[in-house]
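Q: Chain by chain, the residues run as shown.
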Amino acid sequence: MNGYRMTCAAALMAMALAGAATVPAFAAGSTAPGVDVLKRGSQWMSFRVGYAKGTGQVTPDGLMGGGFGYRRFVLDRWSVGAFAHYELLGRFGRAADIEVPLTVEVLRHTRWGAAVYPYAGVGMGAFYGKRYRTGSDAGGFTPGRYLVLGASTPIRKQGMLGFDVRMATVDRPDENPAFPGPPADREHVDDLLGDLKGPSNPDMPLLFGDTVAKTRTLWSFKLDYTITY
Amino acid sequence: MSKRWVMVVGALLLPCAAPPAVMAAAESMVTVTLGSQSPQGSYADVAKSGTMAGLSAGYRVTRWLAAGVDFTYFRGLGAHDGDVIDIFEPSTQHVVTITLAENWTITELGLYTKAFFLERGRLSPYLRAGAGTYSIRYSQDVSTASAGTTLGGDEQANKFGFSGGGGFRFRIAGGTSLGVEALYHRIYARDTQVSLFTTGATIGFGPTGN
Numbered sequence: 150m151n152g153y154r155m156t157c158a159a160a161l162m163a164m165a166l167a168g169a170a171t172v173p174a175f176a177a178g179s180t181a182p183g184v185d186v187l188k189r190g191s192q193w194m195s196f197r198v199g200y201a202k203g204t205g206q207v208t209p210d211g212l213m214g215g216g217f218g219y220r221r222f223v224l225d226r227w228s229v230g231a232f233a234h235y236e237l238l239g240r241f242g243r244a245a246d247i248e249v250p251l252t253v254e255v256l257r258h259t260r261w262g263a264a265v266y267p268y269a270g271v272g273m274g275a276f277y278g279k280r281y282r283t284g285s286d287a288g289g290f291t292p293g294r295y296l297v298l299g300a301s302t303p304i305r306k307q308g309m310l311g312f313d314v315r316m317a318t319v320d321r322p323d324e325n326p327a328f329p330g331p332p333a334d335r336e337h338v339d340d341l342l343g344d345l346k347g348p349s350n351p352d353m354p355l356l357f358g359d360t361v362a363k364t365r366t367l368w369s370f371k372l373d374y375t376i377t378y
Numbered sequence: 101m102s103k104r105w106v107m108v109v110g111a112l113l114l115p116c117a118a119p120p121a122v123m124a125a126a127e128s129m130v131t132v133t134l135g136s137q138s139p140q141g142s143y144a145d146v147a148k149s150g151t152m153a154g155l156s157a158g159y160r161v162t163r164w165l166a167a168g169v170d171f172t173y174f175r176g177l178g179a180h181d182g183d184v185i186d187i188f189e190p191s192t193q194h195v196v197t198i199t200l201a202e203n204w205t206i207t208e209l210g211l212y213t214k215a216f217f218l219e220r221g222r223l224s225p226y227l228r229a230g231a232g233t234y235s236i237r238y239s240q241d242v243s244t245a246s247a248g249t250t251l252g253g254d255e256q257a258n259k260f261g262f263s264g265g266g267g268f269r270f271r272i273a274g275g276t277s278l279g280v281e282a283l284y285h286r287i288y289a290r291d292t293q294v295s296l297f298t299t300g301a302t303i304g305f306g307p308t309g310n
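From first to last, the protein sequence lines stand for chains S and H. When the count follows the numbering used here, it moves up by one through the first sequence with no breaks and lands on 378 for the last residue. When the count follows the numbering used here, it moves up by one through the second sequence with no breaks and lands on 310 for the last residue.
Please keep in mind that the hints were generated in silico from the structure rather than gathered at the bench. Treat the numbers as computed from the prediction; the structure is a model and nothing was measured. C-beta atoms are modelled at their ideal positions from N, C-alpha and C, and glycine is treated no differently. It is possible that some hints are incorrect.
[What the hints assert, rightly or not] Residues from chain S shown here face chain H by an in silico Cβ test under 7 Å; the list is partial: (1) Gln192; (2) Met194; (3) Leu251; (4) Lys279; (5) Leu296; (6) Leu298; (7) Asp334; (8) Gly343; (9) Leu345; (10) Lys346; (11) Asp352; (12) Leu355; (13) Phe357; (14) Lys363; (15) Leu372.
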């Protein structure tokens, strides 16, 4: 199942790349977004939908996500943006693993050939994680940071189609009945900051075999439609 | 004040006496910072002073204001690092004498702004403020043990935080500059005030002719 979904995601990516690499005939006569879309003062409003997944040794198959956001070019080829996404990372039965990233990002844009506009950058923000219908639902915000990579190509006047790939690092939620994770009753960093103040022995917290990953990576591959103005 | 210090102060003030250079906007610069970090507040109870390294990329939007992105790594030993203690090993039910190895590392990814003021000649003092995400990692290990032990592991958490401070840079040639920077970092942990004071030397690289 996972392989099937990965194949679908790869196919979507390939379609987006193919679309980005060629100028559609119906776009040829339009007012070229051209260089102007990367000029200082340009604004982009983006909508996107696609594949999303969280990493881990035992994680559900990736599912889908969507989002929207706004970018403004504060300098030529440099943009600052704010985005909101909703990502259903996967399900075990009815239990769902959901992530809602609310982020800001800084991107460097460039131009390849006539009509391909790749970009790359970094971002950060608050990631609201929710585990739903698990028997012990939990949710909360955690800071996260990510790398972003993508490309767009004009398909109509003031309209661009492309893809967007994100790799975010966030805290891994504690274990619950449906999803594995680090034990909830362990000494967290917040606990250690207080409990390590005392003398070394005999009461200081000790970590025995505590090697479970405390962070996880969230991947997303999305088709992106952008309105430029 | 000795003659030597008078000469040092005079040498530092000399660039200030030079006529202001044309510090054009649209100046981009990549800066590497190397220095030390000193835990403050409650964080000083669990961590020792250590080192820091940073990389930032910024752009001078106007003559007095720059903005950019920075990534910084802080490392320090734990307060109990090197302590020899007896622990009860749960896997063997025996007491084991160990030498503890503790590390605190923090990585920061954030945005910053710099406000330049009183620029004279090649010298550019500035104030700096920033905000971002901080990933705090604590690790525990043993450096020596009297018997086998399973002690070891790590904990990690992401937090929000901000930084503020100042520094100056001195243009040495073309787009290259040297400088000094001091920053205070405040990280929002649940119950503890995690703060750091960093001082570092900076070297900046930018296009010649900025």
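Q: Hint by hint, say whether it matches the structure.
A: Evaluation of the provided hints:
Given the 7 Å rule on beta carbons, the hint for S/Gln192 is violated: about 17 Å separates it from the nearest Cβ of chain H. Interface restraint check for S/Met194: the shortest CB-CB distance to chain H comes to about 22 Å, outside 7 Å, so the restraint is violated. Residue-level restraint check for S/Leu251 is violated (minimum Cβ-Cβ distance to chain H is 12 Å; threshold 7 Å). Proximity of S/Lys279 to chain H is violated relative to the hint, the smallest CB-CB distance being about 17 Å (cut-off 7 Å).
Restraint check, S/Leu296 versus chain H: the minimum CB separation of about 10 Å is more than 7 Å; hint violated. With 7 Å as the threshold, the beta carbon of S/Leu298 stays out of range of chain H, its nearest partner Cβ sitting at about 16 Å, so the hint is violated. The criterion of a C-beta within 7 Å of any C-beta in chain H is not met by S/Asp334, whose closest approach is roughly 13 Å, and the hint is violated. With a cut of 7 Å, the hint placing S/Gly343 at the interface with chain H holds, because the nearest CB-to-CB distance is about 6 Å.
The beta carbon of S/Leu345 is positioned within 7 Å of a beta carbon in chain H (closest approach about 4 Å), and the interface hint is therefore held. A least Cβ separation of about 4 Å between S/Lys346 and chain H falls short of the 7 Å threshold, and the interface hint therefore holds. For S/Asp352, the interface hint is violated, since its Cβ never comes within 7 Å of a Cβ in chain H; the closest pair sits about 11 Å apart. A least Cβ separation of about 6 Å between S/Leu355 and chain H falls short of the 7 Å threshold, and the interface hint therefore holds.
Among the interface hints, the one on S/Phe357 holds; its C-beta lies about 5 Å from the nearest C-beta in chain H, closer than the 7 Å criterion. Interface hint status for S/Lys363: upheld, as the beta-carbon distance to the closest one in chain H is roughly 4 Å, under 7 Å. Because the smallest distance between the Cβ of S/Leu372 and any Cβ of chain H comes to about 27 Å, over 7 Å, the interface hint for this residue is violated.
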